[in-house]
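These protein sequence lines map, in sequence, to chains C and A.
Just add 1 to the spot in the first sequence (first one is 1) and you have our numbering.
Just add 1 to the spot in the second sequence (first one is 1) and you have our numbering.
Possibly wrong hints are sitting among the right ones.
Put simply, identical chains are the same to the list, so a pair is met inside one copy or across any two.
With a straight-line Cα cutoff of 27 angstroms, these simulated BS3-like cross-link-like pairs (lysine-lysine) come out [stated by the list, open to error]:
1) K64 with K347
2) K243 with K39
3) K376 with K348
4) K39 with K126
5) K348 with K126
6) K39 with K106
7) K39 with K86
8) K64 with K341
9) K126 with K347
10) K468 with K442
11) K62 with K322
12) K10 with K126
13) K39 with K248
14) K126 with K248
15) K322 with K348
Hints listed in this document are in silico derivations from the structure and should not be mistaken for laboratory results.
There are 2 protein chains.
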Amino acid sequence: MEQVKANEKAITPRATDYSQWYLDIIAAADLSDYSPVKGCMVIKPYGYQLWERIQNVLDAKFKDIGVNNAYFPMLIPERLLTREKEHVEGFAPEVAVVTHAGGEKLEEPLVLRPTSETIIYEMYKDWIRSYRDLPLLINQWANVIRWEKRTRPFLRTTEFLWQEGHTVHATNAEADAFAKKMLDLYEGFLRDYMAIPVVKGMKSESEKFAGALYTYTCEAMMQDGKALQICTSHNLGDHFAKAFDIKFVDEQSSSQYAWQTSWGMSTRAIGGLIMTHSDDKGLVLPPNMATLKVVVVPIVNVDTKQSVEEKANEIASEMQKEFGVRGVHVDTRDMRPGEKYFEWEKKGVPIRLEIGPKDIANGQCVLVRRDTGEKIVTPLTDVVTNIQNTLKLIQDSLYNSALERQNSNTVEANTWDEFVSAIEDGKFVLAHYDGSAETEKLIKTETSATVRCIPFNEVASEGLCIKTGAPSKGRVIFAKNY
Amino acid sequence: MEQVKANEKAITPRATDYSQWYLDIIAAADLSDYSPVKGCMVIKPYGYQLWERIQNVLDAKFKDIGVNNAYFPMLIPERLLTREKEHVEGFAPEVAVVTHAGGEKLEEPLVLRPTSETIIYEMYKDWIRSYRDLPLLINQWANVIRWEKRTRPFLRTTEFLWQEGHTVHATNAEADAFAKKMLDLYEGFLRDYMAIPVVKGMKSESEKFAGALYTYTCEAMMQDGKALQICTSHNLGDHFAKAFDIKFVDEQSSSQYAWQTSWGMSTRAIGGLIMTHSDDKGLVLPPNMATLKVVVVPIVNVDTKQSVEEKANEIASEMQKEFGVRGVHVDTRDMRPGEKYFEWEKKGVPIRLEIGPKDIANGQCVLVRRDTGEKIVTPLTDVVTNIQNTLKLIQDSLYNSALERQNSNTVEANTWDEFVSAIEDGKFVLAHYDGSAETEKLIKTETSATVRCIPFNEVASEGLCIKTGAPSKGRVIFAKNY
Chain C
2 MEQVKANEKA ITPRATDYSQ WYLDIIAAAD LSDYSPVKGC MVIKPYGYQL WERIQNVLDA
62 KFKDIGVNNA YFPMLIPERL LTREKEHVEG FAPEVAVVTH AGGEKLEEPL VLRPTSETII
122 YEMYKDWIRS YRDLPLLINQ WANVIRWEKR TRPFLRTTEF LWQEGHTVHA TNAEADAFAK
182 KMLDLYEGFL RDYMAIPVVK GMKSESEKFA GALYTYTCEA MMQDGKALQI CTSHNLGDHF
242 AKAFDIKFVD EQSSSQYAWQ TSWGMSTRAI GGLIMTHSDD KGLVLPPNMA TLKVVVVPIV
302 NVDTKQSVEE KANEIASEMQ KEFGVRGVHV DTRDMRPGEK YFEWEKKGVP IRLEIGPKDI
362 ANGQCVLVRR DTGEKIVTPL TDVVTNIQNT LKLIQDSLYN SALERQNSNT VEANTWDEFV
422 SAIEDGKFVL AHYDGSAETE KLIKTETSAT VRCIPFNEVA SEGLCIKTGA PSKGRVIFAK
482 NY
Chain A
2 MEQVKANEKA ITPRATDYSQ WYLDIIAAAD LSDYSPVKGC MVIKPYGYQL WERIQNVLDA
62 KFKDIGVNNA YFPMLIPERL LTREKEHVEG FAPEVAVVTH AGGEKLEEPL VLRPTSETII
122 YEMYKDWIRS YRDLPLLINQ WANVIRWEKR TRPFLRTTEF LWQEGHTVHA TNAEADAFAK
182 KMLDLYEGFL RDYMAIPVVK GMKSESEKFA GALYTYTCEA MMQDGKALQI CTSHNLGDHF
242 AKAFDIKFVD EQSSSQYAWQ TSWGMSTRAI GGLIMTHSDD KGLVLPPNMA TLKVVVVPIV
302 NVDTKQSVEE KANEIASEMQ KEFGVRGVHV DTRDMRPGEK YFEWEKKGVP IRLEIGPKDI
362 ANGQCVLVRR DTGEKIVTPL TDVVTNIQNT LKLIQDSLYN SALERQNSNT VEANTWDEFV
422 SAIEDGKFVL AHYDGSAETE KLIKTETSAT VRCIPFNEVA SEGLCIKTGA PSKGRVIFAK
482 NY
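Chain C with its partners taken away, still in its complex shape:
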């Protein structure tokens, strides 16, 4: 994995080296560390809090729509992985294999799950008998292993954490609707919590999940204009049902193959969060993702230390009633205030509250927004309300900035030259193409851009392929991607 530099080091500006900036932000905010195992990262407590937030919010949303959690083995017998032809072709090159255990060579090698369709559907085939057992809606929170050649913290690691939902339905229409419903659920979460706008759409044949009928995706634009596939939801059709013999007896007593979906979001989303909002000073966290929302820095000297810290603790207690014990922290360390500001800025805490003896005398304090640096003088009587309002402003502002960036960097291209130049400028490019895998490959070779998705919100329109001039039925989004 590319090396994160030490915590103390200055952050490389985005303009200088976006890729190094990303690694510097992670080190500066103490989000993760490198492990002795190639491509595997350690998620440190401040980074893991972000994953816990994702888990808590998504899990509640899943339960609200009737999805239950379960847990399936991480070891998959090799024969199961090979059951669905496209699936094994997609994943076999990336698997890690257990060949020995308990001091003996295993009769059959066991694969570490790169995803769990095969082991889960081997169970589903025994759990489903009749239409009364449907829909079956199950999710699991788990670690998965994919042997990646080039890795980067959060964005692409050999081991990562995720949730994977696996549902079974009586009809293809129902499965398709459910896959889209989950994509909407993800979009809502990304918008309301992570402040990340996305383009929803369908993957092209060559980019879809190995074994799926259709793959739906949320594509987000990073600050360098590159796309990040932040989560996906698959209509698996009856591909796995046929491979694993998942059948049910319908209301007319006839035996049918079932229809399935799977969908997931992973620790990769944290990489997207970092790259969407952070700046050259460090991490920037949307308030709805931050556990620690307010850090209180008392401005003191030897004489005022006790009285100011007392007042700061009193205000903090009041705020903790609203934002939780972990939502507010008073930094009373023996350091200069400036050093503290610098450190909490690097960690992306949404609001800094400064309070000194003069402020107390005036019955006020100063709120400083992490995103804009704006200072807001606030009467102590209104501090909780003003923080609530400011947190909301920050949340909305981060989303709106990201949306504006996405919109202003999404362009149409109608000629090959326009296309090449827009891709070089780091745009999302709406263009016609002939829909063939060959053309996609050719465009990728020449420009590094791939079809990110066929957007749901794009109106069908006749046109000519940017590359071959062959007819096209609608524009798709091309971009470089992570």
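Chain C is already provided as a structure; the job is to place chain A on it using the hints.
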């Protein structure tokens, strides 16, 4: 793994075959299933709810005392595992090994974590510099793999889920106090939520964790008198600090080895929960562990179906305000009430609420306790309050029954004959022994009993070893165990 019989099958009575009863309960309540991988189970949604409850409650308790979560890789380079001599001797025979990945043979085999001391402490050595970095209090929720010869659902499986806490301290005294504090935390959780009384104590030299200085344990008595080690907390001394070179600079600027603890609870605790409270009719859940606390069964015929179900739903909505949406379920399936009773009894739902047209006319309903079968006629106006009270009664009653059973089945033995006979009767036996590993082994060979712990609450007393007649300084608990 021993096979669970199909869900429909009658439950083998405990008196007939305790071991089969356990498997039948798991099948009847739909808690888990067997997977195609030897010794690995699938935790089904109703069983996984129990794990989620354990996670949520323990996680909040950990955070309250300043423990933060993180995540470390599940793959451990073999060379790290071998660093601490006793540790590798204990775990090497049980590990599964990845030898190939990404289509190639690995240069160094990677072990699937059987526990994470080695990979975590390899990181800690870089994270700790000064006394200011201490104490370091980190926990992770993870899956682990131990290649077991004989497995049983929940109690002993090749892959299991757990939390493992790993802390670092400046002194041995602080580490020891922290290890004991965590044991108290576990005891409180087991008592207040799982309604499981335990004996706290220290493990003997031969039963302690591989690499620990001392292992502290919570031992619970199952209904057959056998002991279950339900969780442990280890004072690791400076054993791992020396093996991994974890040092800090103290306040006097001198470099010191650090002192460490680790502590864990796993899905094994669910096995203990099942075996502590369940009966010949099925699972029995303490209300504080049950997600679904009340199932409402409307008693209807064709004419009354609509009006009774309407009333049942109305009552359920009222109850859901108190017990959550998932805490109350109205069973309106087209089945005879008796079938429904039978099914919810098997699943251990604490309270069944029966309501029919006559009840409605009389402004009442009937509450049925799962643990005792007692029927309580309740005015509809008091239903929420009466359910709250009844849930509390059930919770207390389950704990008290288990405690009484433990107390009445704990005996002293002062001769070898008394000892053998008490062990055969399935007792916890308080006896003197000479403290040597040889004597422990001899006693195990002859009676299958092992030292479960040197109990904290046992007053020191001089005596003679039950087996060798050599002097002893206090009684320990012997029992057969899971």
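Hint by hint, here is what the structure shows:
1. Taking identical chains as interchangeable, the C-alpha atoms of K64 and K347 lie at most 27 angstroms apart only when they sit on different chains, with a minimum of 24 angstroms there against 35 angstroms within one chain.
2. With identical chains, the CA atoms of K243 and K39 are at most 27 angstroms apart between copies only, with a shortest distance of 25 angstroms across copies and 37 angstroms within one.
3. Taking CA atoms no more than 27 angstroms apart as the test, K376 paired with K348 passes inside one copy only; the shortest distance there is 18 angstroms, against 57 angstroms between copies.
4. Proximity of K39 to K126 under the C-alpha cut-off of 27 angstroms is restricted to the inter-copy arrangement: shortest distance 19 angstroms between copies versus 37 angstroms within a copy.
5. Taking CA atoms no more than 27 angstroms apart as the test, K348 paired with K126 passes between copies only; the shortest distance there is 23 angstroms, against 47 angstroms inside one copy.
6. For the homomeric pair K39 and K106, the shortest alpha-carbon distances inside one copy (24 angstroms) and between copies (14 angstroms) are both at most 27 angstroms.
7. For the identical chains of this complex, K39 and K86 are inter-copy neighbours only, at 25 angstroms across copies versus 29 angstroms inside a copy, given an alpha-carbon limit of 27 angstroms.
8. Taking the closest pair of Cα atoms, K64 and K341 come within 27 angstroms of each other only across two copies (24 angstroms); inside a single copy the shortest separation is 40 angstroms, beyond that limit.
9. With identical chains, the CA atoms of K126 and K347 are at most 27 angstroms apart between copies only, with a shortest distance of 24 angstroms across copies and 50 angstroms within one.
10. In this assembly of identical chains, K468 and K442 lie within 27 angstroms of each other by CA distance solely inside one copy; the values are 11 angstroms within and 79 angstroms between copies.
11. With identical chains, the CA atoms of K62 and K322 are at most 27 angstroms apart both within one copy (25 angstroms) and between copies (18 angstroms).
12. In this assembly of identical chains, K10 and K126 lie within 27 angstroms of each other by CA distance solely across copies; the values are 20 angstroms between and 54 angstroms within a copy.
13. Proximity of K39 and K248 under a CA criterion of 27 angstroms is satisfied inter-copy only: 25 angstroms between copies versus 42 angstroms inside one chain copy.
14. Proximity of K126 to K248 under the C-alpha cut-off of 27 angstroms is restricted to the intra-copy arrangement: shortest distance 7 angstroms within a copy versus 54 angstroms between copies.
15. In this assembly of identical chains, the alpha carbons of K322 and K348 lie at most 27 angstroms apart only when taken from the same copy (23 angstroms versus 38 angstroms across copies).
When held up to the earlier numbered hints, the structure conflicts with none and fits them all.
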